[in-house]
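> Listed below, chain by chain, are the residues.
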Amino acid sequence: MRRITFRAALTEALSEEMERDGRVFLLGEDIGPGGIFGVTEGLLSKFGPERIIDTPIAETAIIGAAIGAAICGLRPVPEIMHSDFIFVCMDGICNFAAKLRFSSGGKTGVPITIRTACGSAGLGLHHGQSLEACFQNIPGLKLVMPSTPYDAKGLLKSSIRDEDPVIFFEPKASYKELGEVPDGEYTIPLGKADVKRKGKDVTIVALGGMVRQALAAADDLAGEGIDCEVIDPMTILPLDHETIIESIARTHRVVIVHEAPKTGGVGGEIAAVIAEEAFHELQAAVIRVGAPFMPVPRRPYEEMYLPNKEKIVRAVKKSITPFSRK
Amino acid sequence: MMLEAQLKVGLFKTLLLARVFEEKKIELAGEIAQFDIGPTSCYGQEAIPVGFCFGLNKDDYILPSIRSAWAADIAKGLPLKPIAAEMYGKAGGFSKGRELSSHITCPDLGAIGGTGVLANNITVAAGIALAAQYRKTKQVAVCFMGDGASNREEFFTGLNFAALKKLPAIYVVENNLIAEFTPYEKFMPIENIADRAVAFGIPGRIVDGNDVMAVYATAQEAIRRAREGNGPTLVECKTCRVRPMSEKKNPEKGLPAEVIEEWKKKDPVKRMRDHLLEIGALTNEEITALQKKYRQEVDEAFHFARESPYAPPEEVFRDVYAEGAKVE
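So the protein lines, in turn, are chains A and B.
For the first sequence, the working numbering assigns the number 1 to the initial residue and increments by one for each residue that follows.
For the second sequence, the working numbering assigns the number 1 to the initial residue and increments by one for each residue that follows.
For the record, the hints were derived by calculation from the structure and aren't laboratory data.
If a hint is listed, it holds; no wrong ones were tucked in.
Derived pair list, reagent style DSS-like, types lysine-lysine, alpha-carbon separation capped at 25 angstroms:
id, chain 1, residue 1, chain 2, residue 2
1, B, Lys-265, B, Lys-249
2, B, Lys-293, B, Lys-81
3, A, Lys-107, B, Lys-81
4, A, Lys-46, B, Lys-166
5, B, Lys-165, A, Lys-46
6, A, Lys-107, B, Lys-138
7, B, Lys-253, B, Lys-264
8, B, Lys-266, B, Lys-24
9, A, Lys-309, A, Lys-198
10, A, Lys-196, A, Lys-262
11, B, Lys-136, B, Lys-166
12, B, Lys-24, B, Lys-248
13, B, Lys-24, B, Lys-293
14, B, Lys-249, B, Lys-186
15, A, Lys-311, A, Lys-196
16, B, Lys-292, B, Lys-13
17, A, Lys-46, B, Lys-136
18, B, Lys-58, A, Lys-107
19, B, Lys-24, B, Lys-264
20, A, Lys-107, B, Lys-136
21, A, Lys-317, A, Lys-200
Here are some of the chain B residues that sit facing chain A, going by a computed Cβ distance under 7 angstroms:
id, residue
22, Thr-105
23, Gly-127
24, Leu-130
25, Phe-161
26, Val-320
Quick reminder that beta carbons are idealized off the backbone N, C-alpha and C, glycines included.
Sequences are here, hints too, so could you generate the full structure?
What follows is the structure in structure tokens.
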């Protein structure tokens, strides 16, 4: 099968959805020239400035315009360059887009797909945050974070076709990653997790860029006779409880990994779901691996800040250590 | 612009209906406040929403302000009964009674409510106008805001975007000289908000907001400009909040009594009625009959609101996601 980058997979998804559906259009800062990560490269010449709309540097205008157009039946795909910039337009996303279906008595939704680059790439605290948890408590939103080129393409296409507002987080560290992507049309349903590696000893639930780290940790641990299952939720909201719980019913141990700070992170919600739905299955405490509760430091300090393979390996070993009662 | 007598009568009828509705809101303020916000009344400012909404097409959009939402919705053609039901939190309301009536949203009739955050409808109006431009439908979006809302970030990013893309949007500032409890001069460094249009390279118009014919004429000019693809207009309507911030807190600190008394003399309904009598377009008897008819209609709407049921639990918990989408 052909191998393409995560970035190219996203470009294909956008291009195919625009060809398929005349209601789909993109708007954002510098997207005409391809965007700073190159995801929209080539789309301006293919679809023209009416559908690849460059905007002023004004996130409130980007999101507000997308909401208005979506109310009228279009399928806008606004881009917020770095997810750190999304704080500027939280109001439109959380107060308007997420709630209009409710306030209109179900008469209209706001089908927008907000693409945004997330996670650390050496640029520190205002270009490197992982903010998915900020939106997890906002009813009406859907949150998606793919980890492979294959998933990125299929999930982006499903997000664009979804009737509700989706924030589509693109881990910056993944843009150049290669992966198998088949030719032709396919989609991946939202709200369904993917088991990236089957295993019987410990379940690792990992998000976004941490999936690769978790798989690397699982490879190392396999050498020591520890067989890890790696689950990528892919959709954070709604979260696929079933796949996670089913896995824990077999492994009885779980480590949750994300790039965002551990405190207040998505891992807390996942741990709570496990505690509520599979407490009796657990043979060890749930362990979360996340960043420390501090701003993201720039390179070269980022490396010591981010969760990585070694930290995951340590957490897995801790989870299989028998309880010691003091 | 010279208006035909028939058109003037039409404007007056809508103005009168909006007025009768505001009077009823004020009368029932204590009762409504048990269910709904305030209520806030645009009594004395009705000429602005009426002047702009009268003559819009059904498929045009309005994004009302927090104060004049009810008058704008009525003038846009939304039926009275569900408006009243929304005020009483009843199932027959547009949100099934789950959202404040100041934010009524009825996309079928082109009414998109705001949120608790003022001015965030300015950018949304640009988006609605963008969709009209994208599809070449000739629809327009009319966005209303108070003088206070015109200081928020969306005023600048929204108008800038709409001007840049020449979007068919009309931005209407209802300058009633006060924002909540703070008088205009305490939060605004300039006399005329319309002057800000210069910053976006679009026309900025000032109009007497208590003269429904003048508002209508200015509205028509802005709407025509938008439909012809020449972009947005910023219209500042000068008026005065002659009522308190919220009817529930009546009396309370607002504008000085002498300012209010001065503006009450310029009441838009009285002015239009006098004008129609003067030109012989309507008689006193006809106006009294109209008033009686509207009072009856409004009474019926509020009766419906009182008598109709609350939303059952299965309706209360719906409409968070599209049908079939399960989250919890």
